[in-house]
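The task is simple: from the sequences and hints, build the whole structure.
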Amino acid sequence: MNSEDLFALAKKRGFFAPAAEIYGGISGIYDYGHIGALIKRKFENLWILYFTLPNNFHFLDCSTILPEKPLVASGHASLFNDILVGCQKCGIYYRADVLLNDLGIKVSEGANTEEINKIIREKKIKCPKCKSYLSEAKAFNMMFDIYLGPEHLEKGYLRPETAQSIYLNFYREFNILRKKLPLGLATIGKAYRNEISPRQGLYRMRELVQAELQIFFDPETWKVNLELFKDMLINVVMYENGEQERITINEMINKYNIPEFYAYHVAFVDYFYENIIGVPSEKLRFFEKGGDSKAFYNKIHMDVEVDVESWGGFKEIGGIHYRGDYDLTAHSKGSKQDLSIESNGKKIIPNVLELSFGVDRNIWMLMDIFFNKNDERTFLKLKPYIAPYIAAVLPLQNDEALEKKASSIYNLLKVKFNIETDTSGSIGRRYARMDEIGVPFCITVDYETINKESNNYDTVTIRFRDDKKQIRLPIIELEKFILAQLEPNLLPK
RNA sequence: GCGAGUAUAGUCUAGCCUGGUAGGACGCGGGCUUCCCAAGCCUGAAAGUCGGGUUCAAAUCCCGGUACUCGCACCA
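Numbering (this note's numbering), first residue to last: 1 to 493.
Keep in mind the hints are simulated off the structure, nothing from the lab. Hints are not guaranteed to be accurate.
[What the hints assert, rightly or not] Label-pair distances were calculated between CB atoms; the ranges are:
hint, residue 1, residue 2, range
1, 477, 426, 22 to 32 Å
2, 29, 52, 24 to 34 Å
3, 179, 424, 25 to 35 Å
4, 72, 468, 57 to 67 Å
[Unchecked claim] Derived EDC-like pairs: lysine to aspartate or glutamate, alpha-carbon spacing no greater than 20 Å straight-line:
hint, residue 1, residue 2
5, 414, 376
6, 180, 342
7, 315, 122
8, 299, 260
9, 155, 145
10, 42, 325
11, 469, 376
12, 373, 307
13, 190, 220
14, 315, 342
15, 469, 448
16, 493, 227
17, 416, 487
18, 223, 342
19, 299, 325
20, 346, 220
Cβ atoms here follow ideal geometry from the backbone N, Cα and C, with glycine treated the same way.
See the structure below:
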């Protein structure tokens, strides 16, 4: 499916749509509709369940507004701040530091717009493409700044990532939780980036949802259970050779010198996507970044990539980042509070392994890879536990007696599960509508259900989304049946 | 942010060149029919991105804004 078709389906069926659409929309900002909101919530709940499975891993919920200081300490206030110069004639914008460095002129990292403009004037720098004069340099910060209080004197920012919120809570949580490492702190929440040019649907957004797990650990003592995933084959593209290959975590460790804890978590993430979400293995890979494309604070950096047709190939939907002690060291300095802790008889600043995911990208990805279309019909093959509704209760026909029975089953189940019902159109049309939003089962009330003479009295048919097959089940067994469908296999046997 | 293109019901589209009653399909609502996969019949609601100009008259011609798509650039 291409990007336009996916977006059209999303709007038509209530997955998501541009925010403020009746005013023309606003690029990079989206609202989830009644179907998308359910899928997103279920994805998030599943994510929390899985990523806080290990002992001493917990979930936090943090503010989206941060004061200026922590973002100065983390480097965002300066590094998120690009100085751009534009060419007046051809309209191209350049990052000033990159442009000048390319011309062999050294620019200090903290250079401000005045310094840049001075250099450009003195050295008579012109547009490298058309040789015209360049416009005044402008600071462009990816962060949205806000001003607090009635006088708007206190500067803050909408956070550009959720990670910082966790680092700011580390010390307190560590102490409350009996000072044990490793400590995992996860969160899901909004982050904001003023992208110049948001594109490709939910891929690059100005307001986005991140799901992040930050694991704080002592690299000298952390032992992971390599046995758990030892036979798993994982698609990787290692920086060292640049070729995609399928290897075990032991090969990753021995051949590429990847630390055990890191390789283990590659498998941990792989298991989530392949076995729980259901991404086919050939569509999932881990792409190691190095050189210029690796963020400076990362010691090891892999992108979690999924082959998404509507995005034109493998695209990043998450990342596994070994950030060393960069973050807590920065916040120790910035806050002037010693964030070091005692581990194994020594004072250390804990290291951080970050598992980071873009929730919106994941929702788009789910729609893309689980969308099935053939001549006959369209259906969204989501796992039952992330489907918006687990089932729909449908009367076979527009018939008062059938509708009454269907309604009573619907009322029985909807207090326990997300259940839909629909009485308009023919039964085939209703199955089709449910297929398109990914409802895995339809519970159909027919004349046998209400016929006391029939052997099938008080039974219903269950119609399966994926193969259209039907089984008959007593109404009293519906709850048990549904519960069994809702359980993911959280870890390998 | 620059350049090019595009903008008609929920969706896809006809009409625009050559100004004069906005038409169709799918979808949606109501009704009939129908004992399991978007069937059929009747019926209904629903549209020219916004602002200005030219004109007796603008979806149509002109100018401007906005949004989207693509390219450039950006993406710690």
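These are the hints, each one checked on the structure:
The beta-carbon spacing between residue 477 and residue 426, approximately 27 Å, falls within the hinted interval of 22 to 32 Å. Between residue 29 and residue 52 the beta carbons are some 29 Å apart, a value that agrees with the proposed interval 24 to 34 Å. Checked against the given bound of 25 to 35 Å, the beta carbons of residue 179 and residue 424, roughly 60 Å apart, lie outside it. Restraint check, residue 72 to residue 468: a C-beta distance of roughly 59 Å satisfies the suggested window 57 to 67 Å.
A distance of roughly 31 Å separates the Cα atoms of residue 414 and residue 376; the hinted pair therefore is violated under the 20 Å criterion. At roughly 9 Å between alpha-carbon atoms, residue 180 and residue 342 fall within 20 Å of each other, so this suggested pair holds. Taking the CA atoms of residue 315 and residue 122, the gap is about 43 Å. The hint is violated against a cut of 20 Å. Simply put, residue 299 and residue 260 have alpha-carbon atoms about 14 Å apart, close enough for the 20 Å limit, and the pair holds.
Taken as a hint, the residue 155 and residue 145 pair is honoured in the structure, with Cα atoms around 7 Å apart against an allowance of 20 Å. Proximity of residue 42 to residue 325 is assessed by CA-CA distance (about 33 Å); at most 20 Å being required, the pair is judged violated. Of the pairs offered as hints, the one joining residue 469 and residue 376 holds, with about 15 Å between alpha carbons and a cut-off of 20 Å not exceeded. For the suggested pair residue 373 and residue 307, the alpha carbons sit about 18 Å apart, so the restraint of at most 20 Å is met.
Proximity of residue 190 to residue 220 is assessed by CA-CA distance (about 34 Å); at most 20 Å being required, the pair is judged violated. Between residue 315 and residue 342, the direct Cα distance comes to roughly 40 Å. Violation of the 20 Å bound is thereby established for this hinted pair. For the hint pairing residue 469 with residue 448, the CA-to-CA distance comes to about 18 Å; that is within 20 Å, so the pair holds. With a C-alpha separation of about 12 Å, the suggested pair residue 493 and residue 227 falls inside the 20 Å cut-off, and the hint holds.
Proximity of residue 416 to residue 487 is assessed by CA-CA distance (about 15 Å); at most 20 Å being required, the pair is judged to hold. As the CA atoms of residue 223 and residue 342 are separated by approximately 18 Å, the hinted pair is consistent with the 20 Å bound. Annotation: proposed proximity of residue 299 to residue 325 holds, straight-line Cα distance about 10 Å (limit 20 Å). The suggested pairing of residue 346 with residue 220 holds, with an alpha-carbon distance near 11 Å, which does not exceed 20 Å.
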